[in-house]
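Take the given structure of chain A and dock chain B to it, following the hints.
Number of protein chains: 2
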Amino acid sequence: MAENKVLLDHGSGGKISHSMMSDIILPLFNNPVLAMLDDGAVLDISDISSKKIAFSTDTYVVDPIFFPGGNIGDLAVNGTVNDVAMCGANPLFLSVGLIIEEGMLISDLKKILKTMADAAKKAGVNIVTGDTKVVPKGKADKIFINTSGIGILPDNVNVTGANAQPGDKIIISGTIADHGITILSSREDLKMTSDIKTDSAPLNYMVKAIMDSGNEIHVLRDPTRGGLGTTLNEIAAQSNVEIKIKENAIPVKSAVAGMCELLGFDPLYIANEGKLIAFASPDHAEKILEIIKKDEFGKDACIIGEVLPEKSGKVYMETLIGGTRIVDMLTGEQLPRIC
Amino acid sequence: MAENKVLLDHGSGGKISHSMMSDIILPLFNNPVLAMLDDGAVLDISDISSKKIAFSTDTYVVDPIFFPGGNIGDLAVNGTVNDVAMCGANPLFLSVGLIIEEGMLISDLKKILKTMADAAKKAGVNIVTGDTKVVPKGKADKIFINTSGIGILPDNVNVTGANAQPGDKIIISGTIADHGITILSSREDLKMTSDIKTDSAPLNYMVKAIMDSGNEIHVLRDPTRGGLGTTLNEIAAQSNVEIKIKENAIPVKSAVAGMCELLGFDPLYIANEGKLIAFASPDHAEKILEIIKKDEFGKDACIIGEVLPEKSGKVYMETLIGGTRIVDMLTGEQLPRIC
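Read top to bottom, the protein sequences are chains A and B. If you read the first sequence in numbering that gives the first Met the number 0, its first letter stands for residue 0, the second for the next number, and so on. If you read the second sequence in numbering that gives the first Met the number 0, its first letter stands for residue 0, the second for the next number, and so on.
The following block holds chain A by itself, in its conformation from the complex:
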């Protein structure tokens, strides 16, 4: 039945676009700024004393769009919430840009938008402006979602990938590779154990607790595409330092580790969507670790390595058998459309 599917008309900007906005989108994302229906959102920041904002964007093209533990909708909200938070900022506002393939089931669209609304509520951010485009069947794959986010940065924060310092301890907030292995297993229709689901989660409360504590933090980064291995390489290069991690310290769920072994993937390069890496000064690392562990999404946090004084820009790993190997950036594409 055609009325159950998204039509090209839904993206026309005309009457049917407006009915989709008023019938489907506004009730779910309801907030007064979005309901103004202007070309942009006007946001009052007068109660904010800070003079810096953080701004980030990410487009989500994950395949499949539904998977154990979530769907493309909460992935898109949490992903940008986290990117803003990784600047040390407190995310407040999100935009949503939808590209929908003609013929998508309206029930699927509603389910995704509902998940986005719920994820935004959980993260404490408002979806304040948006845009919907519909492209003819075969010109996109079901739905692609862009989210952009604005956050407010506390004063005197200098959290950046370029700020890693010799002696820093490296904390990971939990197990790695959950998201990527979930997507891969869903796509290949592999039999999954109940232990494997996406780790997609908002990390902004965890970051706020760290920032509010006053402990010295130098780098925050979420190891998404490219995984922990690539992210550590980015930081080593940006900060011109050497990083050393210990394989036996890196938490991986046994079901995920088993799947990685079965499929021939290295968990170091598999995407995460609800984990962060924190580089903390050695005196403050234990305190920050305790703060992270208190967060709903940080229970399995631990210290996995440290920053060495060498200026090699490289990442090394002490392996399980006691050797040392270089951890390079991901080369080539392991898993397309993982987020």
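Treat the hints with care, as some may be off.
Which copy? The list can't say, so a pair holds if one copy fits it or any two copies do.
What the hints assert, rightly or not - Mimicking DMTMM-like on lysine to aspartate or glutamate, the simulated pairs with C-alpha atoms at most 25 angstroms apart in a straight line are:
#  : residue 1 : residue 2
1  : Lys14     : Glu260
2  : Lys313    : Asp22
3  : Lys4      : Asp140
4  : Lys313    : Asp194
5  : Lys4      : Asp62
6  : Lys14     : Glu317
7  : Lys136    : Asp107
8  : Lys51     : Glu241
9  : Lys298    : Asp117
10 : Lys14     : Glu309
11 : Lys51     : Asp154
12 : Lys14     : Asp327
13 : Lys196    : Asp299
14 : Lys136    : Glu100
15 : Lys243    : Asp327
16 : Lys14     : Glu241
It is worth saying that the hints were derived from the structure and are not from the lab. Remember, predicted model here, so these are calculated numbers, not experimental data.
Structure of chain B alone, referenced to chain A:
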């Protein structure tokens, strides 16, 4: 040759993604914030006294991606610059989210990114954060671009589609239907006269001149998808007023009018990408018109109608032959993928 095409690897987040960023994107969009390569941009707004920001997003899926007068790149920059400006704000920062189809020519991508960089420079905005995804061949159509923008709102501005007031004069900044007819003609490979090209242009300097003049302005809106007819309907509904326009006052280039007649399209519903509608108090309308006419993109500006005291939420047009007809919103899809 494979090296001339975008590969899935370019979207992996790994080594080849990074080389695309450093070899292609950074040199074009060069600015210190983007070059930080963090997950988000940290923006200093300490020299800004205003306490309101404007935030807007738009995704561009235009087909074809190259057309007379521009390409998807400047369209994406100008479109979001204009949406932010239509809030009465001064756009400063843009994000760019790319979805690229595997196999796209790198030369085409470079050309588009170069156009984006040039358009951003012309509009005086900085591209400060971005994201690139690559999807397998056949899962998107060449390239889709999302841009989101942040602007600063002067104090005491209340420009919104909900603020049209009885007596307001309605100004259009130039000829209508240029962009939509350009795209349609390109797509159908119709023989085009040199008069027909996109009107894509940044309108932020025009808006700033209006705002700085202190003249009373109630509504600013750019009539993109759905055209002038749909945009006026949106404003009539948001403000709960009646709008009357005069057909003989609406500027349409003769080549565009001819093409509309030939193809059976009503120029009222054809997209514009470099025009604005301004609702101004009657005492200030002529002064605002003069300001618009002085702008590079406002030479053909004129007053096309006014706001009546009736609360019908409808739009009427006095036709060329002296009758009056209702102008409804666009129903159905005239032109998919026009922007």
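**Asked** Hints broken by the structure, by number, lowest first?
**Response** 4, 8
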